[in-house]
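Just need the whole structure built from these sequences, with the hints factored in.
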Amino acid sequence: MDVKDFCSSMQSELTAWKARLFDIAVKADNLGTEDKGKVWERFNDMKILVSDLEDKIETLRTECPSEWSPQKKEIESTKEDVRSRYEDTMQYIGKASPVSVPG
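Residues in the sequence shown are numbered consecutively from 28, following the working numbering.
Don't take each hint at face value.
[To be verified] 25 angstroms max Cα-Cα, derived BS3-like pairs, lysine-lysine:
1) 54 x 74
2) 106 x 45
3) 31 x 45
4) 106 x 63
5) 106 x 83
6) 100 x 74
7) 45 x 63
8) 83 x 99
9) 106 x 65
10) 31 x 99
11) 74 x 122
12) 45 x 100
13) 122 x 45
14) 74 x 99
15) 74 x 63
16) 54 x 65
17) 63 x 31
18) 100 x 54
19) 31 x 100
20) 99 x 45
21) 63 x 122
22) 65 x 122
23) 83 x 31
24) 31 x 106
25) 83 x 100
26) 99 x 54
27) 83 x 54
28) 74 x 106
Because the hints were derived from the structure by calculation, they are not lab data.
Here it is as structure tokens:
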């Protein structure tokens with residue numbers, strides 16, 4: 028895969044991650060104050076990582092280096108970090124969500 032194909036593919040993935048972050052924000056609104064604060068902290072961390080990925084991908088796209096495997100490894104590692112944090116956050120939201128009790 029060349030750098031342009033990689034960047035295009037990663038751009039699509041970033042769009043999907045932004046949608047997932049929006050989903051977290053919507054779900055966090057239903058939580059209590061303490062739980063919401065914990066989710067927003069995680070959310071902000073993920074937002075920073077996604078922004079960092081966007082910057083790295085844009086750099087690859089504009090510079091198009093002949094040797095870009097170090098950047099690719101870094102991008103893949105950051106992407107995995109975002110995925111892990113997302114899964115942890117969604118699991119936390121599930122535990123923190125109010126359970127409706129049939130009445």
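So, going through the hints one by one against the coordinates:
1. 54 x 74: With Cα atoms ~16 angstroms apart, residue 54 and residue 74 stay inside 25 angstroms; holds.
2. 106 x 45: holds, 12 angstroms
3. 31 x 45: holds, 21 angstroms
4. 106 x 63: Answer holds: residue 106 to residue 63 is near 24 angstroms, not above 25 angstroms.
5. 106 x 83: With a Cα-Cα distance of about 12 angstroms, the restraint between residue 106 and residue 83 holds, given a limit of 25 angstroms.
6. 100 x 74: holds, 20 angstroms
7. 45 x 63: holds, 19 angstroms
8. 83 x 99: holds, 9 angstroms
9. 106 x 65: holds, 21 angstroms
10. 31 x 99: holds, 12 angstroms
11. 74 x 122: Since the Cα atoms of residue 74 and residue 122 sit roughly 22 angstroms apart, the hinted pair holds (cutoff 25 angstroms).
12. 45 x 100: Holds: residue 45 and residue 100 sit about 21 angstroms apart, inside 25 angstroms.
13. 122 x 45: Holds - the C-alpha atoms of residue 45 and residue 122 are around 23 angstroms apart, at most 25 angstroms.
14. 74 x 99: holds, 20 angstroms
15. 74 x 63: holds, 16 angstroms
16. 54 x 65: OK: residue 54 and residue 65 at ~13 angstroms, within 25 angstroms.
17. 63 x 31: violated, 39 angstroms
18. 100 x 54: violated, 32 angstroms
19. 31 x 100: Roughly 16 angstroms separates the two Cα atoms, so the pair holds.
20. 99 x 45: holds, 20 angstroms
21. 63 x 122: Distance ~12 angstroms between residue 63 and residue 122 Cα, so the pair holds.
22. 65 x 122: The hint holds at about 12 angstroms.
23. 83 x 31: holds, 13 angstroms
24. 31 x 106: holds, 18 angstroms
25. 83 x 100: Distance of about 11 angstroms is within 25 angstroms: holds.
26. 99 x 54: violated, 32 angstroms
27. 83 x 54: violated, 29 angstroms
28. 74 x 106: It holds: about 12 angstroms lies between the C-alpha atoms, which stays within 25 angstroms.
The structure shown violates the earlier hints numbered 17, 18, 26, 27.
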